[in-house]
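Could you slot chain Y onto chain S? The hints should help.
There are 2 protein chains.
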Amino acid sequence: MSNSSYHVLSELEIIEYVRKIPGLFSENAQLICKEIGDGNLNLVFRIIENGSSGKSVIIKQALPYARVVGESWPLTLDRARIESEALMIQNSICPGLVPKVYHYDKELALTVMEDLSSHIIMRKGLISRNRYPYFAKHIGTFLARTLFLTSDLALDHQDKKQKVVQFINPELCKITEDLVFTDPYYDAKTNQFNPLIKEVIEEIWGHGELKLEITKLKEKFLTHAQALIHGDLHTGSIMVTETDTKVFDPEFSFYGPMGFDIGAVIANLLLNFCSHEGHTLDQEERLQYQDYLLNTVEEIWIVFEEEFRILWKGKASEPYASIQGYEDDYILRLLQDSLGYAGCKMMRRVIGLAHVSDLESINDPKLRAKGERLALAIGQQLVLKRETAQKIGDLTSLVRYVKNQEVDQD
Amino acid sequence: MSNSSYHVLSELEIIEYVRKIPGLFSENAQLICKEIGDGNLNLVFRIIENGSSGKSVIIKQALPYARVVGESWPLTLDRARIESEALMIQNSICPGLVPKVYHYDKELALTVMEDLSSHIIMRKGLISRNRYPYFAKHIGTFLARTLFLTSDLALDHQDKKQKVVQFINPELCKITEDLVFTDPYYDAKTNQFNPLIKEVIEEIWGHGELKLEITKLKEKFLTHAQALIHGDLHTGSIMVTETDTKVFDPEFSFYGPMGFDIGAVIANLLLNFCSHEGHTLDQEERLQYQDYLLNTVEEIWIVFEEEFRILWKGKASEPYASIQGYEDDYILRLLQDSLGYAGCKMMRRVIGLAHVSDLESINDPKLRAKGERLALAIGQQLVLKRETAQKIGDLTSLVRYVKNQEVDQD
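Top to bottom, those sequences are chains S and Y. Counting from 4, one number per residue, gives the positions in the first sequence under my numbering. Counting from 4, one number per residue, gives the positions in the second sequence under my numbering.
Worth flagging that the hints you see were computed from the coordinates, not collected in a lab. Just so you know, these numbers come straight off a predicted model, no measurement behind them. Warning: the hint list may mix true and false statements.
Lysine to aspartate or glutamate pairs mimicking EDC-like chemistry, simulated, CA-CA at most 20 Å apart [claimed, not checked]: (1) S:K223 / Y:D186; (2) S:K223 / Y:D332; (3) S:K177 / Y:D159; (4) Y:K223 / Y:D186; (5) S:K249 / S:E330; (6) S:K166 / Y:D81; (7) Y:K219 / S:E117; (8) Y:K37 / Y:E16.
Sample of chain Y residues lacking proximity to chain S, with all beta carbon distances greater than 10 Å (derived) [to be verified]: (9) K109; (10) S121; (11) I217; (12) E287; (13) Y333; (14) K369.
Here a beta-carbon is modelled for each residue, glycine too, at the ideal position from N, C-alpha and C.
Isolated chain S, as found in the complex (with noise of 0.2 Å):
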């Protein structure tokens, strides 16, 4: 570790590392400090002033090793730098949308930034079946944004480049490598499944095609420097209000494809999809949450495509962004590439390490595999027919289609 003064603070010591930030807090206002992160590489801690001001932060630490294994697996500091700039450039970007940036100390990998108390983790809500009528338009026009943005389409060439020495990111990029695009894949020690779909699982792990398919995924991953993207959009890394949304938690952000961020975000809505196949419930009830959650995802793509061709139109320093087709070319390789990385993204959650509270929070193991093979066959699905999606009806058929098949059939 070659940051000597990096140490991990205690409570006490964040109380008085947060009073001194000029412009927070009053000089003698009663600090409060907890940790509350669930996390496994990162402290969290909420500040709150005691009385009336009601004024509090949240200071986020990353630890030199993942918690959830001990210190033997050291991870790098620097992925809070890359949080915090990467946050920087959310924020100048997509401003409301994205945490402020109080401060940020490299020495410490510590951040300091918006308390989003009145915010409740999305995935939670998605599982208590709540509405967010705004989050389609919010996290449409967060993904049309950011990826544009800062891809080449937008971005003097030679600026881009400079952002992908910035954010290159191998110890996070890793770690999707392995988890979401590798081990699923065969009998990997790192798996978890339920026993139940033990034989559905191992049809994947035989299934040729669909290795190819997610082989050529993985080489895009690898290789293809298309935008700053989030890296780890799934529903753990939204908050939300019933009309507000906040994305967080960019610390596996890198110049990679676009597609993974949509997709990651149309993956966890399938996921909640196919966790109420498992959770009791009246038939018409899930039925129209579920009907819901599909909207949500056309609706996702319908506002995404609209902000981005705005942006095509008037933000492209690209000379080669007039050029007929290319637009409706490159939107529709988009839609492909979204299908593809959802397909991976469902999947690796019901094999793979890190699983999804939707599905987890079923106890009854039958029920929940109910769900879990739903979201296998989903999964496989939008990674072999991606190439033939024209619009995101066909992403929406697909499911309705394969749950037809899956379930209703039964």
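Structure of chain Y alone, referenced to chain S:
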């Protein structure tokens, strides 16, 4: 300029400089220095020991500006670092196929390397219709080894990402982006062409489908960090004897699409092919030499593919390399990319800045136009039909077909 001690060395200073490098010349050697460069971006000196030893070396010093337009076009000295570091990697991967590097001086942006005085620039050899029976074997091997062994197929993915950073090369990439992919396809000031072919060029400027395909190839050049490519692999960057081949000048190196290097070699053989239409030649001699060139193109690809497949079997570290069908799919995409980039590189040498002496050495503009028209016709078809190619014979058949249409029917 941040390199405060940088200054352009005189021939006398060069002699003093080289004398201090241990192991090159004896202490009292009489050294003769001569500037032999004909490039626009660098000074190239040959230092010869007077007497019977016959020892000699080359010193290449990068200029902080492009000489062609005076000091008004500044250019990063970092390209000297990139060149020397690329040469060292290529030397370790392909010993004997690139000049040895004896010394690199960051401050002076200067590299001391093996002299190749017994070799000639391959372009000159081809203009003289020399044959190089080992060239296809050498360059096919060079391409396969440098491209495979610097890619994610062979390298640890984290090491590869560090190499992407090491070889980020914004300024020299910009030259390619402008001069190869952009300026030739509209009425840009930098363009220079034979007025006799203006009509054909205006057709290209108005050819929507062609420009869309060029745009896709440019996008791939901007975003596809596939391997450490040479970046400027024309026949002026290759020195040959009848039995030896040396690739030099990798100052445009960066992580880009493999097909760009393969296409560059093919394009320059095909430009030479076209030029013989304009040289006064016995018909049979012309046809025989053109056959030799097309056979060489085929042989290069065959050697490349064979060597690439051997490396795939023996040197792949990517666990997915063994996925059924991936190798064939990968190589087919390389072939199609190579056709596309070959097409771009042929057209830019006729329409844009910096022509090739193969064609420029034809004094009669009418005769030269004949070769230039053929080059543009072949270039266009290579770009437009690239995705129909399944084997290298499809490329050479296409060339023969276009030549038949363009020239033989006159």
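Hint check:
Taken as a hint, the S:K223 and Y:D186 pair is broken in the structure, with Cα atoms around 29 Å apart against an allowance of 20 Å. Restraint check for S:K223 and Y:D332: satisfied, since their Cα atoms lie roughly 14 Å apart, inside the 20 Å limit. Distance hint between S:K177 and Y:D159 is fulfilled; the C-alpha atoms sit about 10 Å from each other, no more than 20 Å. Pair hint Y:K223 plus Y:D186 holds up; C-alpha atoms about 17 Å apart against a cutoff of 20 Å.
Our distance criterion of 20 Å between C-alpha atoms is broken by S:K249 and S:E330, whose separation comes to about 29 Å. With a CA separation close to 18 Å, the supplied pair S:K166 and Y:D81 stays within the 20 Å bound. Only pairs whose Cα atoms come within 20 Å are accepted, and Y:K219 paired with S:E117 is rejected, the gap being roughly 41 Å. At roughly 12 Å between alpha-carbon atoms, Y:K37 and Y:E16 fall within 20 Å of each other, so this suggested pair holds.
The beta carbon of Y:K109 sits about 18 Å from the closest Cβ of chain S, which is more than 10 Å, so the claim that it is off the interface holds. Look at Y:S121: its CB is around 39 Å from the nearest CB on chain S, clear of 10 Å, so calling it non-interface holds up. Its closest Cβ contact with chain S, about 8 Å, brings Y:I217 to no more than 10 Å, contrary to its assignment away from the interface. At the 10 Å boundary, the C-beta of Y:E287 stays outside the reach of chain S, the nearest C-beta of that chain being 44 Å off.
Not every beta carbon of chain S lies more than 10 Å from that of Y:Y333, the smallest distance being close to 8 Å; the non-interface claim is violated. Against chain S, the non-interface label of Y:K369 holds: every CB pair exceeds 10 Å, the least being about 33 Å.
Hint compliance for this structure: hints 1, 5, 7, 11, 13 are broken, all remaining hints hold.
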